[in-house]
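Peer 1: Each chain, written out:
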Amino acid sequence: MSEDLEYSRRELLRHIAISLSLGAAGERVLTARDAQHVHAAVAQEESAQNGPYQPKALTGHEYATLQRIAGLVLPADERSPGALAANAAAFLDFLCSASDEMKRIYTGGLEWLDDAMRHRGNGGDFLSASPERQTAMLDLIAFRENQAEHADLAAGIDFFAWARQMIVDAYYTSPIGIKELGYMGNTAVAHFSVPQEAIDYAVKRSPFA
Amino acid sequence: MQINRSPQVFDVVVVGSGAGGGTAVKVLTDQGMSVALLEAGPMLNPARDFKEHVWPYQVDHRGAGAHAELYFGRQQWGFFAAPVGYWEIPDEPYTVAQGDQWRWFRSRIIGGRTNHYGRISLRFSDYDFQPEDGLSDAWPVTYDEMAPWYDKAEGFIGVTGTREGLRTAPDGNFLPSIAPRVHEVLIQKSCRKLGIPCIPSRMAMLTKSINGRAACHYCGQCGRGCISASAFSSSQAMIFPAMKTGKLTMITGAMARELIAGGSGKVTAVSYVDKATRTEKQVRCKAVVVAASACESARLLLNSKSVRFPGGIGNGSGMVGRNLTDSVGYALGGYVPALANLPRHNSDGIDGMHVYVPWWLLDDKKKSFPRGYHIELGGGFHMPQIGSFHGVCARVQGYGKQLKDQIREQYGAAVSLSGRGEMIPNKNSWCEIDPVKVDAWGIPVLRFHFQWSGNEINQVRHMHDTFTAILETMGGRVGGGRPDPKTAGISEGGAIIHEAGTVRMGSDPKSSALNKYCQSHEVKNLFVCDAAPFVSQPDKNVTLSIVAFAWRASEYLAEEMRKGNV
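Protein chains in written order, with the working numbering: chain U, 1 to 209; chain C, 1001 to 1566.
One thing to keep in mind: the hints can contain errors.
Once the Cα atoms are required to be at most 30 Å apart in a straight line, the calculated BS3-like pairs of lysine-lysine come out as [to be verified]:
#1 Lys1401/C <-> Lys179/U
#2 Lys1193/C <-> Lys204/U
#3 Lys1510/C <-> Lys1524/C
#4 Lys1051/C <-> Lys56/U
#5 Lys103/U <-> Lys1401/C
#6 Lys1189/C <-> Lys204/U
#7 Lys1051/C <-> Lys179/U
These are calculated hints, taken from the structure and not from any lab test.
Okay, chain U solo, but in the shape it has when bound:
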């Protein structure tokens, strides 16, 4: 957590302490509005990032390749932007800068990918290949059973499993991904209730209908 975030959290918690007031029955009450204020303010932190992310661990070429893969793994669609817009590659690069072990997985995997493209095509790397050839390559390494037929794909399949899982992690922990999922929590409410329509929806589709 950054220093700034720490500082503002301290302020917010002080605010909570102040708003814990004595209610009519001598109860200490944190009003939902005050608690909501805290949640919302914490959420606004850090979103103010300055400029596009500059890779810390990967080369410009590696990073651009990873961005392309991210866009293919979780594309934009009619409902929401995809992993490219959510800067999934930035999260992956950051972890490569934090762990040599992670960096080896990505530098090695991306090199494998370029090498495999060159051998299977007209000599170009992954990034310079046509979209059709890029997806044709992913179609090979995105499915474990392909390994039975193409033993030389094992390293690529392994790499893609890493990249795909971490792109998924990066996307769904980003503001864009959280919105795409429709997560509505991390908030403060005075009472907890479950909407009847959600219960009815599930029961109707269950063996208990």
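For chain U, the structure is supplied; the task is to place chain C on it using the hints.
Peer 2: Just chain C, lined up with the frame of chain U:
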């Protein structure tokens, strides 16, 4: 070596600040006693230490760890959780006998594990104290004797629940319960069909403001530590208020080394290593409450050797370190198609389950294992975290829009069932002082021996079949394959973090270390107030009982001190 000795003689030194130590501190300072609290970790500052409400994207590594530990299976605990605790502490190792398996989780912070624990708060039943099958020894107390102490414990920490009249889940002094989530409604229907009870959960979160603590605001992040102290922790609910009384002296970063016995055979001081300066210090006292967690408490007693106590202080029975138990754990998850694309809503509520399954086969004499278990439930729309969709990634191959659609469809449609069952104490499960190894403070470490018996393995098989039935009755598809037939998928010893039994109580000083007030049979001013005194490991998580027993022991200690008996 010159030893720095406290000039003040405290009425009581308490070792450890978790559920037991916190309760002792609260009760003893309320009674006007002067108390010094030793804690091996630092002071807790909730504003700084708790990560409640932080979104994953507000942290560079989003919870994977500063060195991506999560991805390599090296993370000690979830980044956002609040334990300040570890499976491995480099300076404080332990050993495990060859061929055995044991993991030992320790928190090092004011409040101990209560800052993050699950807060499931279940009373032990009458038959837990007085087992009818003869497979483990009777406790020196009955349920009826303990009931008023459970009332006090619940009244203070705050426990949700409903009165059900079940012998396997004794009713208590409850706060209002909380509505079941959608998946919990389905599980309740499934259980009803199978003849299994599924009742509102009993959790130490405030659905109503009590004792100066604000009511819950239902963000579901209790495991991160609760800034409004609406989820119980000994740090916020017991120790911080006690600090304001002027009766409590905090000594943090203090690793207890030895209880020093004087000429009278009583404890006169506690020796500890001040971690910051690596110097030994002593704090003098009239009585001591050891509440360092079951295994640390046993270690401290065993390491307190003298001519009078050659096997460790208070260990004339040889029982210190013996009868080590943990809860039996088994989990099964599944995907429930009825929940696919569930209309979105906020299902955070209180952390963990809103309903649970208490043991229901007490009178079934035909089953293949003794005692029982309860079932904890998981599911709902959680704040997405690193790893939230690793399960989907394992099930679904490929990429692109179809992957995105599948993740959206399956979000909130996974449920999990976790069994927590009773382990019968056995002679192969215990701990002792390692003959060779010492920690960074020069204190001899524990060596563990641990083995499950066939009782526990059979119990886990029963859990698997029951969980499968519950999931399939609601149309769910069980995830994962059938577990290894030999272990049946049972948890590793220690992994459920419910260690107990290592300084057990009893009526007979020859077969127990403590009397029914958690007082040493041999050393009248020595009390043990964590789960170490527990004679058995009922299928009801230990924390509420730790508070109840520590409360009773502390009031007894105060009374005995007033009478001059200690």
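Peer 1: Hint by hint, note whether the structure agrees.
Peer 2: Structure-based check of each hint:
Restraint check for lysine 1401/C and lysine 179/U: the C-alpha separation of about 16 Å stays at or below 30 Å, so the hint holds. Only pairs whose Cα atoms come within 30 Å are accepted, and lysine 1193/C paired with lysine 204/U is accepted, the gap being roughly 17 Å. With a C-alpha separation of about 16 Å, the suggested pairing of lysine 1510/C with lysine 1524/C holds against the 30 Å cut-off. Note on lysine 1051/C and lysine 56/U: the hinted pairing holds, with a Cα-Cα distance of about 26 Å set against a maximum of 30 Å.
Restraint check: the Cα-Cα separation between lysine 103/U and lysine 1401/C comes to about 28 Å, which is no more than 30 Å; the hinted pair holds. Annotation: proposed proximity of lysine 1189/C to lysine 204/U holds, straight-line Cα distance about 13 Å (limit 30 Å). A distance of roughly 21 Å separates the Cα atoms of lysine 1051/C and lysine 179/U; the hinted pair therefore holds under the 30 Å criterion.
The structure is consistent with each of the numbered hints, conforming to all of them.
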